[in-house]
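Colleague: These protein sequence lines are chains A and B, in that order. Mapping of the first sequence onto our numbering: residues 1074 to 1320, in sequence order. Mapping of the second sequence onto our numbering: residues 25 to 257, in sequence order.
Among the hints, erroneous ones may be present.
[As the list claims (entries may be wrong)] Sample of chain A residues facing chain B (criterion: CB under 8 Å; computed from the structure): (1) 1141; (2) 1144; (3) 1145; (4) 1152; (5) 1153; (6) 1246; (7) 1260; (8) 1263; (9) 1267; (10) 1271; (11) 1272; (12) 1274; (13) 1279; (14) 1283.
[What the hints assert, rightly or not] If you want the footprint, here are the derived chain A segments under chain B, 3+ residues with CB under 8 Å: (15) 1232-1240; (16) 1251-1258.
Simulated from the structure, these hints should not be mistaken for lab results. All C-beta atoms in this analysis are idealised placements derived from N, C-alpha and C, irrespective of residue type, glycine included.
What follows is the residue order along each chain.
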Amino acid sequence: MHWDVVWNNMEYFMLGRFPDGPLGGLALSIALAAGGIFFAFWIGLVFGLMRLSKRWYVRIPSIIYIEIIRGTPLLLLIFWFYFLSPILLHRPMPEARSTLAAFSVFTGAYVAEIVRAGIQSIPRGQMEAARSSGITYMQGMTSVVLPQALRNMIPSFVNQFVSLTKDTSLAFIIGVQELTRTATQVNNRTMNAPAEIFFTIAVLYFIICFGLTQTSRYLEKKLSYKTSGKIRRQVIELLEDNFEVVK
Amino acid sequence: MNYEFNWMVVLTGEYRDWIIQGLIITLKISAISIVLSLLLGTVVTTLRMTKIRIFEWITFSYIEFFRNTPLLIQIFFWYFGSSMIFPESLNQWLYAHDYEFAVGVFSLTLYTAAFIAEEIRSGIISIPKEQMESSRATGLSFVQAMSYVVLPQAFRIVIPTLISQFLNLIKNSSLVMTIGVMDLTYMTRQIESYSFRGFEAFTVATLLYIAISLIVSFAITLYNRKYLRLIRY
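Build the full structure now, drawing on both the sequences and the hints.
Modeller: In structure tokens form, the structure reads like this:
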């Protein structure tokens, strides 16, 4: 076994050539995932709301976007962005930026479905009550329905973030210097420790993803009113402390 | 956008044959992996349900580790690391046969089985505990009770989610191009670098993948309409 190869290159795996060159390695993977989920959230919010519209000319484009993206492998989408951007923009786009665009558009479709499910989980009466108290549909959405729906969606968002973190490994294919790319580079250079290198990389991804998965499980338990009476009990205790009427 | 489309390049002649070959490989690798991962997933779940500490531990670590690491890394691990992990004779045999394809099937199966095991487990949990207890009380062994009573009911419930796992598997199978399996994505990449007809090739491939997904999603909807509402507890 040649674990020394792994230890000697640990800094490269973590940061790439960072202080002297561009950011790479695990740091770039995390940056890509975080950037991707940020843009995907806004894309998903818009398309998720469009998906629920009563007007067909708003709803249909959203359905087409969601279905096409969900039916396409991410790898093909990365190729699409990589080969499409020079023709549309008349100059080549940096690899990292083009994969970031691919990740955002790809994850956006999945987030749109999460947003739709989240909004549908809020009872219809909420919107009706908001409308009948005189506020517009937009106001009702932003100040009554969405705050509740977004709260329910948090665990699903975290799960989506986990799968995006795993998917950033695909950026390797067009030459982005992220964790997987650094691993294959070190592997090609040394040639004597492939199992050790890829096992270490797997463990690095595992630490991040497993941590996030556990967080999402914890949030799921904590955020659901129905399964744990704890929050309800806390509210009742709070009321009892402050208002004697409740007793 | 000044790009002249020439669809005839990819719809006739040699390149069309490449796409068809690629599609066949994609379907073949997906079909084999689906069957194997379903079998492995069932075995893993059954072991997890035995309540024997050591089995629970092994299956739990397997499921968590394989679900939380990227498939690409797993493929590279088995592909480049196989010479250190597997015995020499097996490697020699694999090199003589279709080594890349075998590694592709192996890693896709291990990855998907971890997801399938969790789906099946949630199906089993949704079956009332009394079913298991009463079948044990009538004298069936654990394995018999599992295979005749609990699993058939659990499978009926989880089939829609299993099918979406299969859909993911078909899309994930595009990653095996990185180790040189000539699947649909590999072939379109090949056409792009041979002819610079990237758009046409990628469009055709994307449409084929979407067609596969739509057919499978349609099957789920049909299934939901026909069977799912008949299940009552």
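Colleague: Now tell me, hint by hint, if it's right for this structure.
Modeller: Hint by hint, here is what the structure shows:
1. 1141: Holds. Min distance 6 Å.
2. 1144: holds, 3 Å
3. 1145: holds, 5 Å
4. 1152: Since chain B brings a Cβ to about 6 Å from residue 1152 of chain A, closer than 8 Å, the hint holds.
5. 1153: Interface hint status for residue 1153 of chain A: holds (6 Å vs cutoff 8 Å).
6. 1246: holds, 7 Å
7. 1260: holds, 6 Å
8. 1263: violated, 11 Å
9. 1267: Where the cut-off is 8 Å and the nearest Cβ of chain B is about 3 Å from residue 1267 of chain A, the hint holds.
10. 1271: Because about 4 Å separates residue 1271 of chain A from the closest Cβ in chain B, which is inside the 8 Å limit, the hint holds.
11. 1272: With Cβ-Cβ at 6 Å, under 8 Å, it holds.
12. 1274: Constraint on residue 1274 of chain A satisfied, holds at 5 Å.
13. 1279: holds, 5 Å
14. 1283: holds, 5 Å
15. 1232-1240: With 3 residues close enough to chain B, the hint holds.
16. 1251-1258: Per the Cβ count (3), the hint holds.
Checked against the numbered hints given earlier, the structure breaks only hint 8 and satisfies all the rest.
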